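Use these hints to put chain B onto chain A, whose structure you have.
Spelled out from the first residue to the last, the chains are:
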Amino acid sequence: MRDNANHRRIPPRVTANVCEAAGCVSLRSIEVARLLEQRLDELDERGTGDATVKRVGCLGLCAAGPLVKIPQTGELFENVTVGSEAFVRLVDHLMAADPTKGARPEPSSFFVHQTPVVLENSGLIDPEDIDDYIAHGGYEALKGALTGMSPTQVIDQVVASGLRGRGGGGFPVGIKWQTVAKSRTSDRKYVVCNADEGDPGAFMDRSVLESDPHRVLEGMAIAAYAVGADTGYVYCRAEYPLAVKRLKTAIRQARRKGVLGQHIADSQFSFHVEVRLGAGAFVCGEETALIASIEGRRGSPRPRPPYPAVSGLHGRPTLINNVESFANIAPIIRNGGEWYAKTGVGRSRGTKVFALAGRVVRTGLIEVPMGITLREVIFDIGGGIIDGRPFKAVQTGGPSGGCIPAELLDATLDYESLAEKGSIMGSGGMIVLDDTSCMVDVARFFMDFSRDESCGKCAPCRSGTTQLRMLLDKIVEGQADMRDLSRLEELASMVKATSLCGLGQNAPNPILSTLRFFRHEYLAHIKERVCPAGVCPIGQKSEVTV
Amino acid sequence: MRQVSPAAPRDDKRWRMVDARIRRLGNSPEGLIEVLHTVQEAFGYLDHETLAYVGNALGVPPSRTYGVATFYSHFTMKPQGEHTCVVCTGTACYINGAGSIIKRISSELNVEPGETTADNRLSLLTARCLGACSLAPAVVFDNEVQGKLTPDDVMTHLEQLS
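These protein sequence lines map, in sequence, to chains A and B.
Count along the first sequence from 1, add 1, and you get the number used in this note's numbering.
Count along the second sequence from 1, add 633, and you get the number used in this note's numbering.
This is chain A alone, in the form it adopts within the complex (with noise of 0.2 Å):
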């Protein structure tokens, strides 16, 4: 059994808060633990037990793992790595510090722009402890939903939140549960939890999964009592084996606790949770390919209508959201709609959690107020730009997304702020460019992955990538003329306009960005044949990267 602070009957003077989630991880945090708790225990010669390690998940500042917080003085420690300065540094600290003196150390402005919600438990319970989380209030919006509250007042606060998909589409959640609860045709529902987070450039789901597990499982428990469902499935990447040992030690936990399985609460409800790992296909982020999928068959989607709130899995009525949504789920039931609504500009309300990458000093897992600038997010969150080099653009949205130029640093980040800008809010991916890329090289790698994963169902998108990326070789290669840039924006507007499911459709967004703010550098291609970033191959066949 894991020696956990929280079963202690005296609190410990200080803990260690050490992060494993998966990028500390592979920074050998486990291995840091291990040590960390040796060290104390060597130095803790009268066994009084005050200084302790705890295993935490996400501590958000993934650029400078591995992490250690001490929450009771508030002190983070960097690269913690095994045998470095810094790691005696900290143990010298845990036996010395006395919380009860000394100020608390001004947070880092990586720190200070965030709001948490989704991540309110991140980085400070151990998310292989169901104990830990009910500590800290979980499965209380559960149970105070099935003892306090009807399915349709627990939808009308769902819906008075203002909460909008945060898989990408935007979406108001409360409406879809309020279309699946309707729906009165079948004897049997369902909710399904979309964890296949294919975006390149985002782990935002990957760290919810690998750092709170059970807020997910609460989320999708509250919605299959709202809308009368007794089935769940997550549907869960399998490149994220982490992500999926937690959530299924998460659901072992949950049975035994009585929070998931038969008459939760002593109550009517009942609920099962299963995992079904997704097998590398971007499209079965797609709803209806996610249910062919989950369902034994090749991820192809069908067309819509019928949606799968009324005809989904097995032809049932099901309830699809994503991680993030359910994630926010239980703090809506806990404090109101209204409270989670206070939050936000216009019509995107609450917060949301962004995995900021790329050319920026601070990388990692932010979660900030809806409407807050990009410019805070790159330069006061994330540092600025490495070495101090000129931004140039931050891709929002992935393969489906746009890039947003300099100019508009100082746009705001929400759903129709970002449409309006030619990208979209996507799952919360964000790749921040400098100099050192060239925007055309950006929009033939992504249409390379639309391409490489398109299912192949329909024509437009089949053919119509395949063309697409071409037309870009040429490009990047110095082989085109004013006539192929013509076909390539007569091009992806079909495609755009013409595909069967979201890949096809968003797939020309990145082209379609980069003519928008960069067509310079596409005119610099062709006319001049040279690259401005000197990134590609003018006069060279182009070598396929990825």
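Simulated from the structure, these hints should not be mistaken for laboratory data.
Keep in mind that this is a model prediction, so the values were computed, not measured.
A few of these clues could be false.
[Stated by the list, open to error] One side only, chain A facing chain B, incomplete, derived with CB under 7 Å: (1) Cys63; (2) Pro72; (3) Gly75; (4) Arg207; (5) Ala239; (6) Ala280; (7) Ala358.
[What the hints assert, rightly or not] Listed below are several chain B residues computed to face chain A (Cβ distance under 10 Å; list not exhaustive): (8) Ser661; (9) Glu663; (10) Glu667; (11) Val668; (12) Leu691; (13) Pro695; (14) Gly700; (15) Phe704; (16) Thr722; (17) Gly723; (18) Tyr727.
C-beta atoms are modelled at their ideal positions from N, C-alpha and C, and glycine is treated no differently.
Only chain B this time, still in chain A's reference frame:
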């Protein structure tokens, strides 16, 4: 009529894992992807023999087992080398130089992505995104993720794999 499970193709203990998984999923055709995950975990790859066995046990036609196995990029029909090296080609890794890492491995070890070296020592693979974007560019050596690598670092790591 009660469905009788066919006997495993070979007298190999690894089949017990697969059989157990098939039983737990109630021999349901829906469990195909789950079972293929188990097969690949046990044997390292899928082949026609295993597909035929799984299809038979789940009551799924060969067209569908083959269709599913080849649709999903996680499943491979080729045996892997003694070691695997997976280079992440997600956006953050791409703009931070994943391409030059692949190029270097390809040219020095004479192996293309998705292939295994002639001496069967190393399989070079690419991943869409590992979600380790803060460590870009990231590479997985035999299931162990390493981050912020240069092509030189990668070659040193590869030499150390034994």
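Hints, one by one, checked against the model:
Nearest Cβ of chain B to the Cβ of A:Cys63: about 3 Å, under the 7 Å cut. The hint holds. Because the closest C-beta pair between A:Pro72 and chain B is about 22 Å apart, greater than 7 Å, the hint is violated. Below 7 Å, beta-carbon pairs count as interface contacts, and A:Gly75 has none with chain B, the closest being about 22 Å; its hint is therefore violated. Hint status for A:Arg207: holds, given a least beta-carbon distance of 4 Å to chain B, under 7 Å.
For A:Ala239, the suggested interface contact is upheld, since its CB lies about 5 Å from the closest CB of chain B, less than 7 Å. The criterion of a C-beta within 7 Å of any C-beta in chain B is met by A:Ala280, whose closest approach is roughly 3 Å, and the hint holds. Hint status for A:Ala358: holds, given a least beta-carbon distance of 4 Å to chain B, under 7 Å. Because the smallest distance between the Cβ of B:Ser661 and any Cβ of chain A comes to about 8 Å, under 10 Å, the interface hint for this residue holds.
At its closest, the beta carbon of B:Glu663 sits 4 Å from a beta carbon of chain A; the interface hint therefore holds under the 10 Å criterion. Interface hint at B:Glu667: satisfied, since its Cβ lies 7 Å from the closest Cβ of chain A, which is below the 10 Å cut-off. The beta carbon of B:Val668 comes within 9 Å of a beta carbon in chain A, closer than 10 Å, and the hint placing it at the interface holds. Checking B:Leu691 against chain A: minimum C-beta separation of about 8 Å stays under 10 Å; hint holds.
Given the 10 Å rule on beta carbons, the hint for B:Pro695 is violated: about 14 Å separates it from the nearest Cβ of chain A. Among the interface hints, the one on B:Gly700 holds; its C-beta lies about 5 Å from the nearest C-beta in chain A, closer than the 10 Å criterion. Hint status for B:Phe704 relative to chain A: holds, with the closest Cβ pair at about 4 Å, below 10 Å. Checking B:Thr722 against chain A: minimum C-beta separation of about 4 Å stays under 10 Å; hint holds.
The restraint placing B:Gly723 at the interface with chain A holds, with a minimum CB-CB distance near 4 Å, inside the 10 Å limit. Taken as an interface hint, B:Tyr727 checks out: its beta carbon lies about 6 Å from the nearest beta carbon of chain A, inside 10 Å.
Against the hints set out earlier in the document, violations occur for numbers 2, 3, 13.
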